[in-house]
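Modelling step: build the complete structure from the supplied sequences, incorporating the hints.
Just so you know, the sequences run in chain order A, B, C and D.
Heads up: the first sequence begins at 1 in UniProt numbering, then just goes up one per residue.
Heads up: the second sequence begins at 1 in UniProt numbering, then just goes up one per residue.
Heads up: the third sequence begins at 1 in UniProt numbering, then just goes up one per residue.
Heads up: the fourth sequence begins at 1 in UniProt numbering, then just goes up one per residue.
Simulated from the structure, these hints should not be mistaken for lab results.
These figures come from a predicted structure and were not determined experimentally.
A couple of the hints might just be wrong.
As the list claims (entries may be wrong) - Calculated cross-link-like contacts (lysine-lysine; reagent style DSBU-like; alpha-carbon spacing at most 35 Å):
id: 1; chain 1: C; residue 1: 53; chain 2: A; residue 2: 278
id: 2; chain 1: D; residue 1: 166; chain 2: D; residue 2: 189
id: 3; chain 1: B; residue 1: 92; chain 2: B; residue 2: 53
id: 4; chain 1: D; residue 1: 115; chain 2: A; residue 2: 40
id: 5; chain 1: B; residue 1: 40; chain 2: C; residue 2: 190
id: 6; chain 1: C; residue 1: 24; chain 2: A; residue 2: 24
id: 7; chain 1: A; residue 1: 281; chain 2: C; residue 2: 170
id: 8; chain 1: A; residue 1: 189; chain 2: D; residue 2: 24
Stated by the list, open to error - A short, non-exhaustive set of chain D residues, derived as facing chain B with CB atoms under 8 Å:
id: 9; residue: 22
id: 10; residue: 43
id: 11; residue: 46
id: 12; residue: 47
id: 13; residue: 51
id: 14; residue: 278
id: 15; residue: 283
id: 16; residue: 284
id: 17; residue: 352
Glycine is no exception: its CB is placed at the ideal position from the N, C-alpha and C atoms.
Protein chains: 4
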Amino acid sequence: MEISIIGASGYTGIELMRILANHKYADAVKPYSRTYAGKKACVASKSLARFDKFQNFYDFDEKTINNIDSDVCFLCTPNGEAMKIAGVLIEKGIKVIDMSADFRLPADVYESIYKIKHTAVNLMDEAVYGCPEIFREKIKNAGLIANPGCYAISAILGLKGICSEKFKNKIFSDKIVVDAHSGTSGAGKKTEEGLLHSEIYSNLKPYNVSFHRHRPEIENTLRNISDFENTSDFDGLKISFTPTLLPISRGIITDIHIFLKENSGVADFNEIAEHYNKIYKDEFFVRIVDEVQLKDVLHTNLCEISLNFDAHTNRIIIISAIDNLVKGASGQAVQNMNLMCNFDEREGLMMAGGV
Amino acid sequence: MEISIIGASGYTGIELMRILANHKYADAVKPYSRTYAGKKACVASKSLARFDKFQNFYDFDEKTINNIDSDVCFLCTPNGEAMKIAGVLIEKGIKVIDMSADFRLPADVYESIYKIKHTAVNLMDEAVYGCPEIFREKIKNAGLIANPGCYAISAILGLKGICSEKFKNKIFSDKIVVDAHSGTSGAGKKTEEGLLHSEIYSNLKPYNVSFHRHRPEIENTLRNISDFENTSDFDGLKISFTPTLLPISRGIITDIHIFLKENSGVADFNEIAEHYNKIYKDEFFVRIVDEVQLKDVLHTNLCEISLNFDAHTNRIIIISAIDNLVKGASGQAVQNMNLMCNFDEREGLMMAGGV
Amino acid sequence: MEISIIGASGYTGIELMRILANHKYADAVKPYSRTYAGKKACVASKSLARFDKFQNFYDFDEKTINNIDSDVCFLCTPNGEAMKIAGVLIEKGIKVIDMSADFRLPADVYESIYKIKHTAVNLMDEAVYGCPEIFREKIKNAGLIANPGCYAISAILGLKGICSEKFKNKIFSDKIVVDAHSGTSGAGKKTEEGLLHSEIYSNLKPYNVSFHRHRPEIENTLRNISDFENTSDFDGLKISFTPTLLPISRGIITDIHIFLKENSGVADFNEIAEHYNKIYKDEFFVRIVDEVQLKDVLHTNLCEISLNFDAHTNRIIIISAIDNLVKGASGQAVQNMNLMCNFDEREGLMMAGGV
Amino acid sequence: MEISIIGASGYTGIELMRILANHKYADAVKPYSRTYAGKKACVASKSLARFDKFQNFYDFDEKTINNIDSDVCFLCTPNGEAMKIAGVLIEKGIKVIDMSADFRLPADVYESIYKIKHTAVNLMDEAVYGCPEIFREKIKNAGLIANPGCYAISAILGLKGICSEKFKNKIFSDKIVVDAHSGTSGAGKKTEEGLLHSEIYSNLKPYNVSFHRHRPEIENTLRNISDFENTSDFDGLKISFTPTLLPISRGIITDIHIFLKENSGVADFNEIAEHYNKIYKDEFFVRIVDEVQLKDVLHTNLCEISLNFDAHTNRIIIISAIDNLVKGASGQAVQNMNLMCNFDEREGLMMAGGV
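What follows is the structure, given as structure tokens:
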């Protein structure tokens, strides 16, 4: 199978190549990048030099796009670019996985948040939000995947279990606090002073404290779960989301605080915990664990989740951990590709993490 | 003036010596430590070799304690030890600043949390919680200071402004979420596998997720503010506290989420923000800033606080930053000493932070 | 195939399991450890939970050792332990790969350096130093492998090309400076104060400055190359080796400085560079590159080497980079196993590195 | 006293302000910067807000320069800029300390290395290389100081003791290997991809392996020591210098390897060690210690040096440690100012380092 990656010089593009290096159906990989046009794939990451499947970087322009006839095409382009390309590729029968935000939200919501006019509204209905743990069946038949945002997926997987008809009235759904911390690769390769090593080292920097673009993505997706779980709409749902930049390169830990309505919530917590165990029992890439720490998931496609109860405040604390470049981006994208192509969902994603 | 430090081989003891190195009234400093007995002060931190005021380490036993006749004595001992020593020192007229938890809480609360029988209950009434921004006048006349816990002070300074009669009924005081992240020096020098560099590097580790000892300290102190601000008791106050270990050596960032009761809370937020600006206007070591980041306070005695409002969730987000070893421990202790000794409160604490 | 790992709770044991997780001939893996006896393999590294091949930890005592009937056994035991076990295993026909220093040096040299009486001198002749780039054919037929030390292999691969009859008289072979820097995982899981995160963070610590045990290992191995390259003995060879501990968890960069005898050495340098390119041309895991940086090899089994010339001092600077836990330990060990078992040498070792 | 800092928005300018914050003769500090013109000094480093002495940033143009009438002016400008400004300032009687390379080398050497035409050759004779441990008396009377490069000073202080008539013939002076490792603040605030946090994290990157501009600075300075120590010229001196970028923000560790000519060099080593102890005995900011580690000097103006001997290779290993922003730049500059102004040499520089 041939795979194209548009915008392959950024961190998610490079991570895709690393994962595809060991994907048995990825016979040929064509990276596209204006920055690296004409250069070998290993300028992006040297160890790629050991894999024959990677072709040299193609330039990324109208002509190269029109010539693409791969089986699958990943779009690692800035917001606003995928919407211009996706249609052409889909018409050719190419399966498209968009890593940007272009197809993650209803067009009107997208436009108000990203301040970009959406020019491919017609494709919105085809696009499936690429979270297999929620939309697996839809993904299998999709031609266009909106691959989730990294913060978003870490919160969504942590919150999925609570978005059920039976718990809807047991929690204060407008007071869900989501405090997320991410490594710097999540910010991409922008050469800004604030992302210099000397600025980040030993530092911890909350940002977009009152509003981050992934908050509407989280809320929108969680409301859509209702279609699948016989939940009536979850309109009261409001997420209090605060992101912070960590002085490490990879990984997201997300703390989720949910207050219970019943005076003594432990019974409700137990029921909720049981539900989480049930819904994730057969999920290969999501694990309910006693204690979460970032290094357990780094360099893997795993999302690990711990469930905790604090009787003092009648509160559930759910903590989720992912590698922002794997389950939070490129690993997730390959998992989606596997589903779309009817491969084993785990193909290429069996990495065991480390120190 | 002569100063003794009991338990001076740990991180807070060493930090005390560093600060006292440049304190103009610290003429002689006597460090006590079983580990370093007989050795030069600079085994603890080499740059101390350049300061004549530091004597060699004394052993720390019954006899050496009885011989102490310094003007001030800092206790950097494990919980349960200060209560055995403090009385003898106070009787001699020595001003005592205890860095442990022994005198921070009512004896019954202390015993239930720390699982240690309190043997100096008689001293409890004398002990003043060493937060000058709340108890300055009491500290000036105190003979025994309970120096605050590092997480506790970061949360208390961030929450102080909300603990006022006029705001009491405007917030959901039982749903205050405090998400705090600390560098590893806060865990001390314990040689545990979990604190090894290889384990911590690139890692992020939430711990004591449902209960941490500093939570009752925060609540207890905030309730006591009422004495000073004409607030009736704040019994409904409940803190949802979650600590996380960061892969850096110093610093604490604390995110505080407070939900407002009024439908449109922006007016309340503005009033609260105004109040914060007022109460901290004349505080040298607390600054209200637009944006908080850890490196702005590292190696200083500053606490920086940002105040933010999220209309979507009708929520105030207060973020505070301190250096856990300075404002969170030894700097705070010296600030307390300055007040007790009638020195300029800032003496020795005018460090300007850095990269 | 069944594989046993003795002492599997340390960093090299855990890394072995991670690599074997994706090794197609590793059908069953039995970890042994006193610390973790009875526990699941995933206590060592959580992502192992997703692989059925790992059995629970066995206790490590005389009885368990005697019961081992695996095809291959890795010994991740402290120095002095492998020599007690290896014989029994070899007699059973088990292929043994020892990660300790027990079989790396002639017994007399070993005893003088490690201060341990060697009790398996009879096995010395069978043991092959596990560097495939030098001893590949011997390894294929070996029953006992002495897996190289991490610093040693980084220096040996960097120096191999110079150890040739034709260059012997062109360099000052007694003035070869090897300055190596390693991440902390190389020091293992010892719970010592000096290895605590707070001590290592932001720190850089040269240690064993005048003598490190890997220096004789480097010299001894390089002298043995002569057997293979028709070089007369290289007795004048003396390595000036200085190690430094880095505040990161993984990786070794080794700077090698070699002074040339000819007044204008550029021709000699070119000849030497050509030789390096030749000897490593067909080596999958060694790459000659223009510029070396650590992150290009992290989490891979690669050794990257750059060759540089400084006309001012008539000096060659060779810089090699490895991941100390992969090519410097467990990846190397699996490469050796692949050769011993007649598998593709690259099986399980096709990791592509990352950010 | 009034002090101006030209180019105060970079790391050395900011560090200067931090140090001057606590300098008792720095009554007023005027920062100049095109980037920050008009803004408060605390935009550069927030804790400066607590010090009244700092004026707002002035723009940096011809007019502002002409208006400067401070007592001292620090030039933190790029190479090639100081030479345009220094003359005007000196004519006004302002003491000038240049942090750039403009006055560190003979004009012809400077031009060939920096590829910049030197336009102030007339000032060369007045300029004194700002290393008090070598040129203290000259500095006291100087009007223009060439403040040393960070790598250069770390090597020079480590090598000073060897540059004596009596040792000249005892060492291989053309085979001195200097392997230096520096934190990223040494590279300044350039917004280049290679300096992004995600690129540097966990990485180690040797650069300018065959030639770095500080090498001629080291050699030139060491040769000049002869004027002071009755050494005949040291023409044979050649430094083999290799720098590496560390994934930390501050600090330089420099390993220096010197081969001895005598067969058994231990006596020579002892004599050399004695000499080092003698020449640095009364130096407040240089300490001979048993073991060097970076954290002992971070945030201080200290240079710590260890002296080691390896009988196997008949080699001395000297290791020096400095904080590149303090003794390697701004602390050194203030030390020079203190000497020029006849202040206590230590004023403002009595920082005690830390974790």
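Now the hints, each set against the structure:
1. C:53 to A:278: 24 Å, holds
2. D:166 to D:189: The given pair, whose Cα atoms are some 43 Å apart, is violated under the 35 Å limit.
3. B:92 to B:53: Holds. Residue 92 of chain B to residue 53 of chain B sits at ~23 Å (cutoff 35 Å).
4. D:115 to A:40: Roughly 33 Å separates the two Cα atoms, so the pair holds.
5. B:40 to C:190: 27 Å, holds
6. C:24 to A:24: 13 Å, holds
7. A:281 to C:170: Not OK: residue 281 of chain A and residue 170 of chain C at ~66 Å, beyond 35 Å, violated.
8. A:189 to D:24: Violated, at about 43 Å.
9. 22: Constraint on residue 22 of chain D satisfied, holds at 6 Å.
10. 43: Cβ of residue 43 of chain D sits 11 Å from chain B, so the hint is violated.
11. 46: The hint holds - residue 46 of chain D has a Cβ within 8 Å of chain B, the shortest such distance being about 4 Å.
12. 47: It holds, given that the least Cβ distance between residue 47 of chain D and chain B is near 4 Å, below 8 Å.
13. 51: OK, holds: residue 51 of chain D within 8 Å of chain B, min 7 Å.
14. 278: Status violated, d = 18 Å.
15. 283: 11 Å, violated
16. 284: This interface hint holds because 7 Å falls under the 8 Å limit.
17. 352: 4 Å, holds
When the structure is compared with the earlier hints, violations turn up for hints 2, 7, 8, 10, 14 and 15 and for no others.
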